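Protein chains in written order, with our numbering: chain A, 1 to 182; chain B, 1 to 152; chain C, 1 to 116; chain D, 1 to 491.
Don't read these hints as lab results, they were simulated from the structure.
All values reported here derive from a predicted model rather than from experimental measurement.
The beta carbon of each residue, even a glycine, is placed where N, CA and C say it ideally should be.
As a list, the in silico PhoX-like pairs of lysine-lysine whose alpha-carbon atoms are at most 20 Å apart:
#1 D:Lys436 - D:Lys354
#2 D:Lys434 - D:Lys361
#3 A:Lys124 - C:Lys58
#4 D:Lys361 - D:Lys437
#5 A:Lys124 - D:Lys60
Partial list, derived from the structure: chain A residues whose beta carbon lies under 8 Å from chain C:
#6 Ala18
#7 Ile19
#8 Phe96
#9 Ser101
#10 Asp123
#11 Ile134
#12 Glu150
#13 Val156
#14 Ile164
So the derived list for chain D, only partly shown, Cβ under 10 Å to chain C, looks like this:
#15 His150
#16 Leu153
#17 Leu162
#18 Val165
#19 Gly182
#20 Leu184
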Amino acid sequence: MITFYLLLGIMILGSIVAIETRNILSSVISVGIVGFTLSILFLLLGAPDLAITQVVVEILVLVILIRATISVDNTAIEAYRGTFAIVSSLFFLGLFLVFASYAFLEMHAFGKPLMRTSQHYLDKGLAETGASNIVTAVILDYRAYDTLGEATVLFVSVLGATVILRRIGRKRGGKSIESTGK
Amino acid sequence: MGMSLIVKKITQLLIGLIFLFGINITLFGHLSVGGGFAGGVILTCGFILLMLAFGKDTTLGKMRTSVARFLSCTGALVFLAIALLGYIGGAFFLNFLDPGQAFHLHSAGFIPFADIAISILIVSAIFALFVLLVLSGRFTEDSGKYTEDDEL
Amino acid sequence: MTIYLMCLLLFVMGLYCLVAKKHLIKKIIGVAILDYAVNLFLILIGYREGGAPPILFKEMNQQVFSQQSVDPLPQALVLTSIVIGLGVLIMMVSIALRLYEKYKTFDTSEISRLKG
Amino acid sequence: MQQLFPLFVAIPLGTAFLVLFFPKSLTRVVEVILVISKVILLSMVVALIGHAPFSYFVGKWQPPLGITLVSDQISTLLLLVINIVGLLSLLYSFRYMEMYTSKIRFYALFMLMVAGMNGVVITGDMFNLFVFLEIATISSYALVGFGCEHEELEASFKYMILGSVSSTFILLGIAILYCTFGTLNMADLANSISVNGINKSVLFAETLFIMGFGLKGAMVPFHAWLPDAHPSAPAPISAMLSGVLIKACGIYAIIRVSYHVIGMTPLIHIILMSLGMLSMVVGVLLAVGQWDFKRLLAYHSISQMGYVMVGIGLGTPLGILGGLFHLVNHAFFKSLLFLCSGAIEYSTGTRNLKEMGGLFKRMPVTSGSCSIASLSISGVPPFNGFWSKLIIIIALVQAQYYAMAAVTVGVSFLTLVSFIKVQRYSIFGDLPEKLKKTKEVPVLMGTTLVILAILCLVTGVLYPFFGDTVLEMARDALMDQQKYIQLVLHL
Numbered sequence: 001m002i003t004f005y006l007l008l009g010i011m012i013l014g015s016i017v018a019i020e021t022r023n024i025l026s027s028v029i030s031v032g033i034v035g036f037t038l039s040i041l042f043l044l045l046g047a048p049d050l051a052i053t054q055v056v057v058e059i060l061v062l063v064i065l066i067r068a069t070i071s072v073d074n075t076a077i078e079a080y081r082g083t084f085a086i087v088s089s090l091f092f093l094g095l096f097l098v099f100a101s102y103a104f105l106e107m108h109a110f111g112k113p114l115m116r117t118s119q120h121y122l123d124k125g126l127a128e129t130g131a132s133n134i135v136t137a138v139i140l141d142y143r144a145y146d147t148l149g150e151a152t153v154l155f156v157s158v159l160g161a162t163v164i165l166r167r168i169g170r171k172r173g174g175k176s177i178e179s180t181g182k
Numbered sequence: 001m002g003m004s005l006i007v008k009k010i011t012q013l014l015i016g017l018i019f020l021f022g023i024n025i026t027l028f029g030h031l032s033v034g035g036g037f038a039g040g041v042i043l044t045c046g047f048i049l050l051m052l053a054f055g056k057d058t059t060l061g062k063m064r065t066s067v068a069r070f071l072s073c074t075g076a077l078v079f080l081a082i083a084l085l086g087y088i089g090g091a092f093f094l095n096f097l098d099p100g101q102a103f104h105l106h107s108a109g110f111i112p113f114a115d116i117a118i119s120i121l122i123v124s125a126i127f128a129l130f131v132l133l134v135l136s137g138r139f140t141e142d143s144g145k146y147t148e149d150d151e152l
Numbered sequence: 001m002t003i004y005l006m007c008l009l010l011f012v013m014g015l016y017c018l019v020a021k022k023h024l025i026k027k028i029i030g031v032a033i034l035d036y037a038v039n040l041f042l043i044l045i046g047y048r049e050g051g052a053p054p055i056l057f058k059e060m061n062q063q064v065f066s067q068q069s070v071d072p073l074p075q076a077l078v079l080t081s082i083v084i085g086l087g088v089l090i091m092m093v094s095i096a097l098r099l100y101e102k103y104k105t106f107d108t109s110e111i112s113r114l115k116g
Numbered sequence: 001m002q003q004l005f006p007l008f009v010a011i012p013l014g015t016a017f018l019v020l021f022f023p024k025s026l027t028r029v030v031e032v033i034l035v036i037s038k039v040i041l042l043s044m045v046v047a048l049i050g051h052a053p054f055s056y057f058v059g060k061w062q063p064p065l066g067i068t069l070v071s072d073q074i075s076t077l078l079l080l081v082i083n084i085v086g087l088l089s090l091l092y093s094f095r096y097m098e099m100y101t102s103k104i105r106f107y108a109l110f111m112l113m114v115a116g117m118n119g120v121v122i123t124g125d126m127f128n129l130f131v132f133l134e135i136a137t138i139s140s141y142a143l144v145g146f147g148c149e150h151e152e153l154e155a156s157f158k159y160m161i162l163g164s165v166s167s168t169f170i171l172l173g174i175a176i177l178y179c180t181f182g183t184l185n186m187a188d189l190a191n192s193i194s195v196n197g198i199n200k201s202v203l204f205a206e207t208l209f210i211m212g213f214g215l216k217g218a219m220v221p222f223h224a225w226l227p228d229a230h231p232s233a234p235a236p237i238s239a240m241l242s243g244v245l246i247k248a249c250g251i252y253a254i255i256r257v258s259y260h261v262i263g264m265t266p267l268i269h270i271i272l273m274s275l276g277m278l279s280m281v282v283g284v285l286l287a288v289g290q291w292d293f294k295r296l297l298a299y300h301s302i303s304q305m306g307y308v309m310v311g312i313g314l315g316t317p318l319g320i321l322g323g324l325f326h327l328v329n330h331a332f333f334k335s336l337l338f339l340c341s342g343a344i345e346y347s348t349g350t351r352n353l354k355e356m357g358g359l360f361k362r363m364p365v366t367s368g369s370c371s372i373a374s375l376s377i378s379g380v381p382p383f384n385g386f387w388s389k390l391i392i393i394i395a396l397v398q399a400q401y402y403a404m405a406a407v408t409v410g411v412s413f414l415t416l417v418s419f420i421k422v423q424r425y426s427i428f429g430d431l432p433e434k435l436k437k438t439k440e441v442p443v444l445m446g447t448t449l450v451i452l453a454i455l456c457l458v459t460g461v462l463y464p465f466f467g468d469t470v471l472e473m474a475r476d477a478l479m480d481q482q483k484y485i486q487l488v489l490h491l
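Full structure from sequences and hints, please.
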């Protein structure tokens, strides 16, 4: 049990570094640390499927993010929001945590899930779908419609990214219609 | 074009294994750890490694972006077609094939086919995106000219 | 209970990053941290003591398996959520790169033609 | 019909994947395919009207196990609005989008957005709702930045950050509900909650949902993205976003979750009403000072969504009826207004009201429909906006919220002032020298404007003919939580 706390602590430390470092490249690498720690945590929490997906997705994310940062102007940005904005946002975030802790009091304890519907998947999943990996049975048979949506999300985002990255958006010599109104 | 000799040599040694691993993860998704998404992303990472090590031209010789564009739409359409084929059994997304014998590769009805379709979609879509994002020559000074053809 | 709160602390840190930082890549990182936190939370609520993965092998006993395995449903949800997160991140990076191309900076205080 | 229900998602998805195969030279063929698929969708919706409510089990998995699709009168109402506005925006975009490059990918993204919204509306499962919400919003991020100019990319990025935050809030809420009740099916959740009562974790989840869906629907404390994102998009997309997306992803999701899943308590009524009141007042106050036509319309969207939220949050039968009616009306007149602003931009090349004037002589069709829409939104009889606002105000008076009724009337007056300004500066007045050569928009664009204008008039005048079949049944379905549970679970 202590391992979970330890790994979660590493994740929190990694995110603090990622958020507060001035150099963007170090910040991106710290996010990588958080992601890989998350995948170890997934493995220990009994989710090897997710661990492997998280590792490969994290590699891809790191490659893309480093690509975005490495050849561009990498100077740190000094500008902060005003102190008042920071303090008030911290206040609201703290309030959020307090409410959350009240809500968590009524949820079941860690390590004892309710398993109201999912016990059926574990009991009958192999017999009903023929897949011995119950997670696959859930994502591609019981809830395959979700997976259709998920594949579509990826398709949409890649299509959207290619649309955004095209060089010329408008015809008519590419001049934009200024949004005026001052 | 590409990286140093050491990187190229190691990539040559590893790339087959990476592709095999990706295909294995995809095909055995219903039996052990993995599935279409993880396998697809592993295959994509293989292509990305190829591209980083050998440069754009070698990789695009293996998979052109127009092919990637075609394949990603095909993958998505195949998955949708699997969903619609469920109407043979009487409902959308019904697992219309026989579950088969447990723990065998050919089992679990349409699940392996859906995995393959997803894998194709992921590989081709992210590959095309990566070509566009990294080697289009607009954000870096290094290589290549960007044409309308290269878009997905 | 404590571990849930620690997980929410991660969530809140992601929100703080979005509110306080003015760098586009930092904002993307904030969204990534938010995603990590929610994914972890989903897996934590499905954890069962012992932590056996929900994958059957030939020699396993079905009864023992269904008494020990963790909840498979949150894992399916998180798998979907990871891929959605990847998609959103791809879009964000491409928009950020385009913005850099147009404005030659990642600083949001300089990217402010719109009045909000 | 019952068997074909999932096709509401499958047809637009399939069309979107299919059209990407076509090269640029076959754009005409693509347009024909798109129109055919949209017409099929619309006829399916029409066949659904009057059909008894039913639930559809995807893959024949019984409710708590698999995903359930639910067709009741509310989803039929939303499907009707989405597909009418979708078809007309699509027809409009054939000519309008010639200003932009890569039309085919635009059409694909458009169809994916429609698929996402249809999916949100027909689903009966919390996580499935989240997934389709993401499809709709991610394609809208791309469409907002479609022009690839400075402002558009900036608006898209801002929209995207806030949209991702709202998605994580929603997912966290779903996680908490799953943790507490062990199921994701909406009806099953509703059943568990009505048996166990609302405890603190459910309230926390509801707060997260209101924040998340409120961000998607641009309720006032969370509205910052809308006035940037909606004007930046191409005009048909602005019409879809303002006319449909904020309703399907914001308002519809809030009312479905609050009324059917969690169940209304006095506290939730007050929260929803105050959110609506705030949006109504702040939106209209910010709109009055605007000179950019589309930006002004975007602020009015916030304000009009406030009316819907007040009506829905009030919770009396009349209030809900007014809210739903205003939702439909707003879809028609706001999309018409955005399309008109797009038409004016197409012909004159400007969005600034100060540079326009006297367009009535040059563009009679556009100006006429724009006037009708302005009269509708400011609540002038006999157009549709008047009736729905009247119903909401009567409902407020009946429930003895006199101050709120007075504020509602005041906001309506300010809306009228704001649109008189629009009319004065764009349509009437003197024609500036620059715009002497302005021509009317192409026939197809003009036709869609006229159809929407006729719809604005018809929904107002002919209310007795469709009100009881569509709107009142939707209201009854919304108010009966037990019936919804019965529909899915067959207890």
